[in-house]
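Chains as they are written, first to last, in my numbering: chain A, 2 to 433; chain B, 2 to 433.
Worth flagging that the hints you see were computed from the coordinates, not collected in a lab. Since we're looking at a predicted model, the values are computed, not measured. Fair warning: there could be bad hints in the mix.
Note: identical chains are not told apart, hence a pair may lie in one copy or across any two.
[What the hints assert, rightly or not] In the DMTMM-like style, the derived pairs of lysine to aspartate or glutamate whose C-alpha atoms are separated by at most 25 Å in a straight line are:
| no. | residue 1 | residue 2 |
| --- | --- | --- |
| 1 | 318 | 293 |
| 2 | 80 | 61 |
| 3 | 307 | 348 |
| 4 | 335 | 22 |
| 5 | 141 | 18 |
| 6 | 141 | 336 |
| 7 | 423 | 61 |
2 protein chains.
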Amino acid sequence: MKEDFKPGDRLKIETDEGVLEGVLMPRPGLAGKNHLVLKLFSGYNIGLDASKIRKITLVERHQNKGKSDVLELKPQAGKPTVSILSTGGTISSKVDYHTGGVYASYTAGDLVATVPELSGIANLKSRMVMNVMSEDMNPKLWAKMAECVAEELNHNSDGVVVTHGTDTMHYSTAALSFMLKNLSKPVVFTGSQRSTDRGSSDSFLNIVCSTAFAASGFSGVYLIMHGSMSDNYCLVHLGTKVRKMHTSRRDAFKSINSKPTAKIFADGIIEPLMVLPERKPGKVELDSKLEEKVALIKIYPGMNPKIVDFYLNEDCKGIVFEGTALGHVPTTIKETSLIPYLEKARDKGVVMAMATQCLFGRVNPYVYSNLREVSSRGVIYCEDMLPETAYVKLMWVLGHTTRPSEVKELMLKNIAGEITEKSAGEEDFLEM
Amino acid sequence: MKEDFKPGDRLKIETDEGVLEGVLMPRPGLAGKNHLVLKLFSGYNIGLDASKIRKITLVERHQNKGKSDVLELKPQAGKPTVSILSTGGTISSKVDYHTGGVYASYTAGDLVATVPELSGIANLKSRMVMNVMSEDMNPKLWAKMAECVAEELNHNSDGVVVTHGTDTMHYSTAALSFMLKNLSKPVVFTGSQRSTDRGSSDSFLNIVCSTAFAASGFSGVYLIMHGSMSDNYCLVHLGTKVRKMHTSRRDAFKSINSKPTAKIFADGIIEPLMVLPERKPGKVELDSKLEEKVALIKIYPGMNPKIVDFYLNEDCKGIVFEGTALGHVPTTIKETSLIPYLEKARDKGVVMAMATQCLFGRVNPYVYSNLREVSSRGVIYCEDMLPETAYVKLMWVLGHTTRPSEVKELMLKNIAGEITEKSAGEEDFLEM
């Protein structure tokens, strides 16, 4: 294979098995010298062995001049402007075909270069705001993301797409749901389960649907990923009601205690599944103050109750318990009971909240006498909020007030769709 | 209402609205003096206001002589014998209609008395082995349960039903799956989401299906609960592959990374969904030794990595991480990285294992370089095992050996269905 073709070039390739046309993807790792990867119009990437290639013809040279962390294409009048902010993760990663491992390296600019369809949807700006795999995300980085998003939205962007690792993407969407006030435009998080340069990567449909939604007439923080195993549509999940429920499937994200807000297809057609807030005028307000000393504790039989003491000693200001079912913790057997530890935490002024490890359904502090033992120690029962969302929200609430009555009021107030009205979400349970 | 009727009596009651026939349920709490609760043949309980009752006729006097924790009905030749062991929980609870709270009080004998259909299925023995709500269950109680079950099975019982609180029932089924070796007969856990004396309690169908399955020709540890919101069938879940996924719905339990093993209908008809091991001769061997100093740590952005130190200081012998997706922990950012703590744990000889907080799917230590950073510190990646099952299994494995190579071998060996062959369970994901 000649070396005079560059990623983003549209090529026609004749092989022993037939003729393929598509966009050349950036070179994969060590083994790449004898391989090239072509993104077909179907969105699928295909790896080609150089020895089997008979002829390569350049159909169209890629327009982007050189690789850069910041890319701004020539704007077309009448089209909305969407900023693509890359933060890292698989969607920004390349496979090293030698080791089989995946390394972070794609920038948002690379993405735009390899998915030419995007420029048909919107005028695109792209910027790499960090390069962090999602297992390494943390509250400080959420605040930085929120700041970058607000900056884009308040400087002539009509919508933002944040590309993000999938593992903790739902923690980040929950954080930005609280941090972006008066959010008048759409903010869409997306990622991929297989890296962009891999055959059958899901990133193509995800980025196209996310860009289309960011260019749409809606507002709010959403997470958009595949809605099925096929490449036919994506689902638009509310940022506070979504969770990664599968390690590897492309439809890994599910809305919990809520329907997804909409379906979106590769051609940009949006099929709302509930009423969505509309785009409106006005500046977005950044409100990213967090109390970082908050813990999430999962409850389980045989757990060491002194774990609460550990967090008190670490000067923790808030604890979210991921209780069993309706919000239970070990209560009545002296050796394992958490009650004395809850009392210590309460006496120290540590805010305690309760969500459920069932994930689906609503906690309730009244049904059983043992629940009343817990709630009477001041534990706030967080309705049908996901444990991950309750954790992020408690950080955010404690960043704003430490007065117990205000903290409780805010925790139980629906701020960003995190609490569903009683019984509204009851039917949204999983089918097997 | 006259006081000469006893729980279990079959009554015909004439009210202003019509005539009802059913079995009198034990008296509910304080408000019960002006109420009675009748179990109809449909399985539903109905509360009746005494002032609206015109006439009560005794159809059949209940045969059981007085209330007792141990009940043994007259055996009928040709029927299998099933032992019902009650451990507590909602299925053994009554509502206090004065406070609306629920209190543990039903014994297995009460259950048998109020579900006369059971004696048509099998010869029944029943015994209350403990009275603990499931949030207070712990490893010592699992061992006691296993001991009682083995005792029953080795003394002329053909199957056992364990009634149990639902919150942590799946931890208990996992524990008994490992603790009962050479399990030649069926052991079925069941419970209810609404107490047995409540109208629309799910306990009737659950106990009937569980008893029918315990009398069947299969073997193994299973959890049987409603398969849908209606009272039409139950699902038979493998004890190591099941989890409570909803706080309150009667179909709260779902098989994860596996299909349910069977459907079972109220008439006892079993519809297998996979090949089930058959009943065989031979004594059950009790193997309940556990190492209790094992912790389950959920990974999340912003977590305090010193949590590992806490468990090391508490002389913990094993840690199961509920990692993000494929089995990640914070790795590359110095302030939040768990790597130095994993190294300390490894150097202290603490066994570490990895499962996923996605619940669905398989962990994999090879896909990303950050995963290799974790697995190279000796963390055992537990395939598609549920975190709760991995936690229980690690306790059990460490009760048998502390040699690292043997621990690893046992953790990765499929002992009780807890590991599904690669890709076999991939399609069993939730539909929304």
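message: I'd like to know which numbered hints this structure contradicts. Please list them from smallest to largest.
response: Of the numbered hints, 4, 5, 7 do not hold.
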